[in-house]
Amino acid sequence: MKLKGKLLSGVLVLCMSFSAILVGCSSNEKNPESSASNKGQQTSEKGASGSSDKSITVLVEGGSPANTVASQTAEEFKQKTGYEVKIETVPYIGVYDKLNVEMKANSGAYDVATIDILWFPALAKNLVAMDDLMTDEVKNDFVPNVVDGGKVNGKILGMPVWTNSKILLYRTDLFNDPKEQDAFKAKYGYDLKPPTNWQQYRDVAKFFTRDTNNDGATDLYGTGVLGMNNGDSVASWLDHAAQAGAKPLVVGKDNKALVNSEPYVKALEFETKILREDKSAPEGALNMASSEISEMFWNGKMAMMLEWAHFFVPSNDPAKSKVAGKVGAAPMIAGESGVGVVPGPWYQVIPSTSKKQDIAKQYVKFIYEKNELFMKALGVAARKSVFDKYGQKPEYAHLKALETTLAASQTQNRPILPHWNEIENEALVSAIQVALSGKETPQEALNRAAAKINEIQGK
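Heads up: the sequence shown at position 164 corresponds to 163 in numbering that gives the first Met the number 0, and the numbers run straight through without jumps.
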């Protein structure tokens, strides 16, 4: 995601490229390697050929929560097992690229990697199954949908480390202002509150869009629309398609494209109307992803945003946000079919080229037990028990909204398609941008996208 999902473009300006989620900032700094050794424990290693190398290599995105947690826990893992954890950091897309090259070279360079859900279709055939680690006890402590996101052809190939989705973040100082409440009710006939459906969302966004200093220019927008040339815009559009009734997503059982059918068209019309008809989002939407929208929100130039849940944490950090202490969280809005999103989870995986698969599985299990550290590093995690513990704290008030959203009936993972990257980049992003720019209607743009998807898949 990032976080996309990129949990994650440039945010976590706090650091999640995930855009994403996710969205983030990368670091090239590697974890210092410990020189201590533990010769007391011997561990069986598949394919190790008697090697005495007591280390495993973990591949993560630099500056990401995975990098943080790997660094924090490396010494403890060494004390427990005698194995040094060597951490290799690369930029977001570098994780996929490195794994792809490694799998073709069959060199055994990496033993564990933390990957975006988006990469499973392309990497699945070269990943080790983890069904033996996914006991009922483990499964039952994960939040909805996250286990299935790491499953390909019935096999569990990834252990979740965190999940995420877009929720509603809004300015409590605006929504709770009696003058704003009176003015809104006089204009729209109902009480001002965090919107729960599409129509309320459009009404509230239009209401708060204004010129606050009478200089002739809009300086407060109701919301934002993600339209940048990346997966963040696709994830947001698919959220709304799910809300409009899309199920399954993107393709049907025959793998033929569905994206020019009614739910997808309605979703793109919804975004286009907010931008072009209501003018309640900045007109530079084609250059806006999660990082740009959140920056406007943090600077007090936006009343609400549908963004990755972990953004709640920096939104309330005075060092990053001018509206800190004035931000609330609510579940994702609903379309005619209810609440729905496309989650942005990340997973630990073991390449089948690893020569140390047994110790790699021990490491994956070890990190599962440390899931709380992802909550501290990012503001989201994967285990219900961690959500329950932190959801009681005001600084994690977004977790209840996130759990509600993830459990919604229309929430679903992206399809597992080997050509997903091509479909996203060559068909979907361009269709969204063309529609948002007004060059084509949503129906026209998505007709083109559907044809391109079928061409990519040979249908």
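For the record, the hints were derived by calculation from the structure and aren't laboratory data.
Do not take every clue at face value.
Stated by the list, open to error - The calculated lysine-lysine pairs, modelled on DSSO-like cross-linking and capped at a C-alpha distance of 30 Å, are: (1) Lys178 - Lys150; (2) Lys79 - Lys184; (3) Lys124 - Lys458; (4) Lys77 - Lys388; (5) Lys178 - Lys278; (6) Lys278 - Lys321; (7) Lys138 - Lys77; (8) Lys103 - Lys360; (9) Lys79 - Lys321; (10) Lys77 - Lys354; (11) Lys124 - Lys246; (12) Lys451 - Lys97.
The hints, checked one at a time:
1. With a C-alpha separation of about 51 Å, the suggested pairing of Lys178 with Lys150 is violated against the 30 Å cut-off.
2. For the hint linking Lys79 to Lys184, the alpha-carbon distance of about 62 Å lies beyond 30 Å, and the restraint is violated.
3. Under the criterion of a C-alpha separation no larger than 30 Å, the hint pairing Lys124 with Lys458 is consistent with the structure, at around 22 Å.
4. Note on Lys77 and Lys388: the hinted pairing holds, with a Cα-Cα distance of about 28 Å set against a maximum of 30 Å.
5. As the CA atoms of Lys178 and Lys278 are separated by approximately 23 Å, the hinted pair is consistent with the 30 Å bound.
6. Pair hint Lys278 plus Lys321 holds up; C-alpha atoms about 24 Å apart against a cutoff of 30 Å.
7. As the CA atoms of Lys138 and Lys77 are separated by approximately 27 Å, the hinted pair is consistent with the 30 Å bound.
8. Note on Lys103 and Lys360: the hinted pairing holds, with a Cα-Cα distance of about 22 Å set against a maximum of 30 Å.
9. Of the supplied pair hints, the one linking Lys79 and Lys321 is violated, its CA atoms being roughly 44 Å apart against a limit of 30 Å.
10. A threshold of 30 Å between alpha carbons decides the hint, and for Lys77 with Lys354 the separation of about 18 Å falls inside it, so the pair holds.
11. Only pairs whose Cα atoms come within 30 Å are accepted, and Lys124 paired with Lys246 is accepted, the gap being roughly 26 Å.
12. Proposed proximity of Lys451 and Lys97 is supported: the alpha carbons are some 28 Å apart, at most 30 Å.
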